[in-house]
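Student: So you can see what is in the structure, the chains are spelled out below.
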Amino acid sequence: MDLNTVADVISPAGVGQWRPGDAWLGGGTALFAEPRPHLTRLLDLTAAGWPALTLREDGLEVAATCTIAEIAASGFDIVERCCHAFLASFKIWNVATVGGNLCAALPAGPMIALGAALDGSCLLLSPDGSRTVLVRDFVTGEGETVLREGELLRSMHLPASALSAETAYRQGSLHALGRSGVLVIGRVADSGLVITVTAATKRPYVLRFPTYPGAEVVQIALTERIPDDAYVADVHGSPAWRRHLTRLYAEQIRQELDR
Amino acid sequence: MRINGEEHERPPRPGQCLRTYLREEGCFGVKKGCDTGDCGACTVHVDDVPVHSCVYPAFRAERRSVTTIEGLAGPEGLHPAQRAFFDAQGFQCGFCTAGLIMTTAALTEDQRADLPRAFKGNLCRCTGYRAIADAVAGVVNAATPAPGSAVGSSLGAPAGPQVVTGQARYTFDLDVPGVLHMKVLRSPHAHARIAAISVEAALAVPGVEAVFTHADAPTKLFSTAQHENVAEDPADTRVLDDVVRFAGQRVAAVVATSEAAAEAGCRAITVEYELLPAVLDPFTAMRPGAPLVHSPLPNVVGELKAELGDVEAGFAEADAVYEETFSSGRVQHASLETHGAAGWLDDAGRLVIRSSTQTPFLTRRAVASLFDLPPERVRVLTGRVGGGFGGKQEMLVEDLVALAVLRLGRPVKLEYTRAEQFTSATTRHPFTVTLKAGARQDGTLTALRLRVVADTGAYGNHGPSVMYHGCHESLAVYRCPNKATEAYSVYTNSVPSGAFRGYGLGQVTFAVESVLDELAAQLGLDPITMRETNIVRPGEPLLSPGDHVDDLSIASYGLDQCLGFIRDAAASPVAGPEGWLVGEGMAIAMIAAGPPGGHIADATATVLPGGRYEIAVGTAEFGNGSTTVHAQIAADALNTTPDRICVRQSDTDVVPHDTGAFASTGVVVAGRAVLDAATALRKKILAAGDSVTGLSATGHFDGTPRSVAFNAQWFRVAVDPETGEIRILRSVHSADAGTVMNPLQCRGQIEGGVAQALGATMAEHVDISPTGQVTTTSFRQYHLPTFADVPRTEVHFADTTDAIGPLGAKSMSESPFNPVAPAMANALRDATGVRFNALPFTRDRVWEGLQRAHRSP
Chain A
1 MDLNTVADVI
11 SPAGVGQWRP
21 GDAWLGGGTA
31 LFAEPRPHLT
41 RLLDLTAAGW
51 PALTLREDGL
61 EVAATCTIAE
71 IAASGFDIVE
81 RCCHAFLASF
91 KIWNVATVGG
101 NLCAALPAGP
111 MIALGAALDG
121 SCLLLSPDGS
131 RTVLVRDFVT
141 GEGETVLREG
151 ELLRSMHLPA
161 SALSAETAYR
171 QGSLHALGRS
181 GVLVIGRVAD
191 SGLVITVTAA
201 TKRPYVLRFP
211 TYPGAEVVQI
221 ALTERIPDDA
231 YVADVHGSPA
241 WRRHLTRLYA
251 EQIRQELDR
Chain B
1 MRINGEEHER
11 PPRPGQCLRT
21 YLREEGCFGV
31 KKGCDTGDCG
41 ACTVHVDDVP
51 VHSCVYPAFR
61 AERRSVTTIE
71 GLAGPEGLHP
81 AQRAFFDAQG
91 FQCGFCTAGL
101 IMTTAALTED
111 QRADLPRAFK
121 GNLCRCTGYR
131 AIADAVAGVV
141 NAATPAPGSA
151 VGSSLGAPAG
161 PQVVTGQARY
171 TFDLDVPGVL
181 HMKVLRSPHA
191 HARIAAISVE
201 AALAVPGVEA
211 VFTHADAPTK
221 LFSTAQHENV
231 AEDPADTRVL
241 DDVVRFAGQR
251 VAAVVATSEA
261 AAEAGCRAIT
271 VEYELLPAVL
281 DPFTAMRPGA
291 PLVHSPLPNV
301 VGELKAELGD
311 VEAGFAEADA
321 VYEETFSSGR
331 VQHASLETHG
341 AAGWLDDAGR
351 LVIRSSTQTP
361 FLTRRAVASL
371 FDLPPERVRV
381 LTGRVGGGFG
391 GKQEMLVEDL
401 VALAVLRLGR
411 PVKLEYTRAE
421 QFTSATTRHP
431 FTVTLKAGAR
441 QDGTLTALRL
451 RVVADTGAYG
461 NHGPSVMYHG
471 CHESLAVYRC
481 PNKATEAYSV
491 YTNSVPSGAF
501 RGYGLGQVTF
511 AVESVLDELA
521 AQLGLDPITM
531 RETNIVRPGE
541 PLLSPGDHVD
551 DLSIASYGLD
561 QCLGFIRDAA
571 ASPVAGPEGW
581 LVGEGMAIAM
591 IAAGPPGGHI
601 ADATATVLPG
611 GRYEIAVGTA
621 EFGNGSTTVH
631 AQIAADALNT
641 TPDRICVRQS
651 DTDVVPHDTG
661 AFASTGVVVA
671 GRAVLDAATA
681 LRKKILAAGD
691 SVTGLSATGH
701 FDGTPRSVAF
711 NAQWFRVAVD
721 PETGEIRILR
731 SVHSADAGTV
741 MNPLQCRGQI
751 EGGVAQALGA
761 TMAEHVDISP
771 TGQVTTTSFR
781 QYHLPTFADV
791 PRTEVHFADT
801 TDAIGPLGAK
811 SMSESPFNPV
821 APAMANALRD
831 ATGVRFNALP
841 FTRDRVWEGL
851 QRAHRSP
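In the order they appear, the protein sequences are chains A and B. Numbering of the first sequence is given in the UniProt record's numbering, commencing with residue 1 and proceeding in unit increments. Numbering of the second sequence is given in the UniProt record's numbering, commencing with residue 1 and proceeding in unit increments.
In case anyone wonders, no lab produced these hints; they're calculated from the structure. Note that the structure is predicted; figures quoted are calculated from it, not measured. All clues stand as given, with none of them false.
Covered stretches of chain A, going by a simulated chain B footprint (3 or more residues, C-beta under 8 Å):
1) 4 to 15
2) 174 to 181
Label-pair distances were calculated between CB atoms; the ranges are:
3) Ser164/A to Ser65/B: 38 to 44 Å
4) Asp702/B to His84/A: 55 to 61 Å
5) Pro12/A to Asp372/B: 57 to 63 Å
6) Ser164/A to Glu76/B: 47 to 53 Å
7) Pro159/A to Thr257/B: 51 to 57 Å
8) Ala113/B to Ala73/A: 17 to 23 Å
9) Glu6/B to Glu256/A: 52 to 58 Å
10) Ser164/A to Ala113/B: 28 to 34 Å
By construction, the Cβ of each residue, glycine as well, lies at the ideal position given by its N, Cα and C atoms.
Using the sequences and the hints given, assemble the complete structure.
Tutor: Below is the structure:
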């Protein structure tokens with residue numbers, strides 16, 4: 001929709017230009033989908049020319065401006081599966097960005113699930129310098145991140161070891177191909193297991209098991225580590241159902257990855 | 001920006017999305033369905049990449065090449081995707097079609113093989129998606145009938161070529177020179193008195209031309225609901241009121257030279273509210289001492305208490321008795337075209353309103369009455385209407401547009417946002433229905449006791465009528481000597497309820513058909529036999545407690561055939577996935593073919609030069625396909641082909657009167673007038689000999705007497721007890737529509753009705769916060785059925801010919817909706833053993849219901 005209070009677009013924009021009333025603009029699919037009468041200026045990052053994907057020995061660097069379509073085609077199975085968790089159409093994939101999904105910090109954000117599950121980290125830039133934050137710590141609540149005023153997300157790094165690890169994935173929704181109410185990803189790490197819960201919860205929960213866990217160990221960990229009030233209550237599923245599916249899917253994943 | 005091969009120099013505004021820029025440049029095929037990237041109606045290609053233009057920053061397309069539906073066809077004609085949607089008739093109202101075609105045109109082979117995924121983000125409210133799947137598969141559905149055999153053929157919609165090329169002109173697809181834009185400031189409170197409004201700052205906003213508040217509005221009360229008989233709805237509404245009775249109600253209207261200025265004007269208004277106690281649920285509202293919504297009037301705005309026979313004696317005779325309470329929640333019509341209108345003064349100084357309405361003539365009457373104008377000083381017309389479903393049998397914008405046009409003498413437009421559709425239009429009436437039923441060992445019903453509480457929201461538009469209608473055919477379809485009804489339509493401080501497909505019947509049918517299943521189970525009878533034992537038979541009266549108009553009769557009877565199709569379906573079981581619970585369920589519904597109390601249609605048939613004919617009718621086309629049927633009827637009556645028939649419609653200038661496109665009357669009332677006009681013209685032509693051009697004849701029908709139509713729905717489902725997922729293994733619908741005028745269209749209407757009802761059954765709910773605000777204000781929060789959600793429904797027609805309807809036809813449109821929820825509830829009960837009595841059956845609720853049942857066996 002038209003953002004009628006926006007009087008100016010800075011393109012390309014860079015760190016240091018932000019002032020109150022500004023919004024960093026990625027693809028725009030989220031920004032333009034809600035009235036935002038407090039905004040007066042857009043700072044366009046997509047024109048900065050950041051390479052979308054850089055594959056290095058230590059992993060994959062994903063620019064904040066990398067589109068969902070680009071990351072979906074990166075060749076990693078778990079990445080593509082996470083992209084399919086988007087409620088949005090493939091046409092939105094052509095425009096929406098990985099950074100935009102991370103910064104929106106919605107429980108159902110599949111790029112948050114991906115980054116958290118693969119021990120990804122975010123590179124944040126501000127006029128004062130840069131810092132690195134793990135994806136699982138980047139999102140702190142529903143729509144909340146650690147980003148400070150004027151700070152921007154430059155990229156997400158996914159470590160090579162996690163990208164090549166064996167993974168399992170379960171998504172639950174109220175509707176066929178619907179918005180995620182629950183998204184659980186399992187990853188084999190060394191001789192253990194990492195289970196990441198998103199969508200069901202207000203922020204990502206990453207549970208690490210140094211040795212491969214039994215069913216009971218996983219269930220106890222889920223109960224102890226994820227308090228009941230951490231489960232989301234909204235139109236995309238009741239908290240009790242989300243908690244149940246989280247536990248169900250975690251066990252299915254545990255069995256699937258148990259060799 | 002290069003648009004469809006042509007350079008456009010005008011730069012977009014900084015915060016503008018591509019959708020509005022393209023429309024400003026004349027590409028009206030780019031539609032606004034949601035403006036949030038969810039519905040796909042605005043799909044265009046940017047450098048050959050498909051995008052949702054409503055969430056695409058326009059400035060980014062400045063040095064790019066954009067293709068819209070208008071530019072999709074090549075020099076050699078229609079693009080294959082356009083041709084496919086035309087051949088398959090993959091549309092009804094057509095508002096979503098441009099977006100679907102632009103999406104289809106961009107699909108890879110892999111995507112075409114996985115349409116549920118490929119069409120994520122393309123919503124169609126009309127079709128139920130089967131016709132769209134046909135289009136992608138290259139199925140040719142439309143037929144070309146020979147002279148004299150149009151009725152009964154699967155003729156395509158006359159507007160098809162315009163729909164698939166983006167040329168069909170909907171309400172807002174018109175460049176009105178000098179038009180001013182209106183935005184409405186809405187109440188944040190469920191109930192408040194406006195103590196003061198300060199508009200000075202708003203008037204100081206550059207571009208703001210006027211601000212209207214309750215001080216500027218007529219004091220006259222009216223109802224937004226439109227019926228032939230004005231007295232049917234309580235006059236309880238003002239154009240702008242000094243008391244607001246729901247969050248989302250109009251407080252002030254700002255008219256400006258741009259939407260941006262009008263929005264800024266709204267933000268600049270300061271309102272001082274004196275909060276009043278609010279009541280949000282009808283049961284509280286009925287208690288003594290409850291806050292009054294329309295003080296000093298009581299909160300009960302409609303009431304029906306009546307008994308046939310002796311219900312207590314009936315229960316005493318029963319071998320089995322079952323009683324349960326059922327609730328149907330708040331559902332939105334979600335027509336893809338929002339409400340809205342543009343108004344101006346024509347050269348003669350006449351007020352002209354182009355509106356997205358189902359009732360142009362009644363709206364003219366209402367506007368004229370409100371502003372003390374003679375009716376001939378007001379003209380109301382529609383473009384093609386982008387879906388209605390009852391939501392547009394209501395005057396929600398025209399009064400405000402008229403006020404502004406009359407005050408300013410300049411053209412004014414008001415277009416709802418999708419959020420306003422949820423907060424400030426109408427919804428289906430939430431019903432709480434308690435039904436107690438008794439039957440003898442052989443299944444014969446002995447007594448039915450019905451108690452209904454319907455929440456009409458803050459205003460009584462359609463409230464009493466929906467309550468009456470809901471309590472009529474739902475009971476009358478069963479012959480039972482003892483029936484009692486106690487029903488209330490109750491004001492609450494919530495978004496008003498209004499007319500919605502089925503008009504109350506679906507909510508009561510949900511209870512009746514669920515209870516019949518429970519009785520059958522208690523008595524060890526199969527559900528179909530239970531119905532066969534009790535359904536009304538031809539020649540029998542249609543009886544429900546209360547005073548109901550007595551022009552209704554069974555002028556054709558196909559309910560037995562409908563049940564036969566269901567029995568056949570049930571005979572061949574389908575297996576479900578391992579570990580899932582499998583079951584089946586059915587339900588029936590009866591509906592009157594037209595509303596009680598009269599429904600008037602005028603039609604004119606005129607000979608045009610060159611062997612062509614014009615049919616003028618008042619009724620509106622919003623995807624219901626009445627235009628197609630009118631062309632078929634006229635073609636046969638005039639012994640020609642439908643391509644020689646030109647239908648002019650939904651304009652108060654073209655015929656004397658038409659009550660409107662509601663109550664499933666497009667075929668049975670307006671069609672009858674068309675038949676009479678065309679038949680009379682044929683007689684004149686035969687008598688006139690050589691010079692026939694300009695000959696004209698009229699037809700008229702006043703909508704009485706009325707027949708009844710029947711529907712039955714059957715589902716076989718599998719339920720995953722671990723997740724609550726319901727998978728529909730097979731869906732069968734049988735319908736008695738009398739003579740089926742257009743099998744393709746009628747089937748499409750049924751499929752669409754089933755799909756919309758599945759939305760209400762499985763997914764949709766408008767939520768209201770504890771303080772009265774609607775919290776589901778977009779398609780991301782309010783889930784419409786998608787391609788992935790809707791199964792194919794097999795449709796069977798009973799072979800009947802009606803003694804009243806034109807050429808033996810009866811109504812359909814609304815009625816397929818009504819049996820769907822109870823059929824699903826019954827299937828769910830059969831599969832799981834648990835009776836679900838509250839809609840919708842979302843996976844979390846199903847899972848929780850199963851958990852509860854297992855905890856308390």
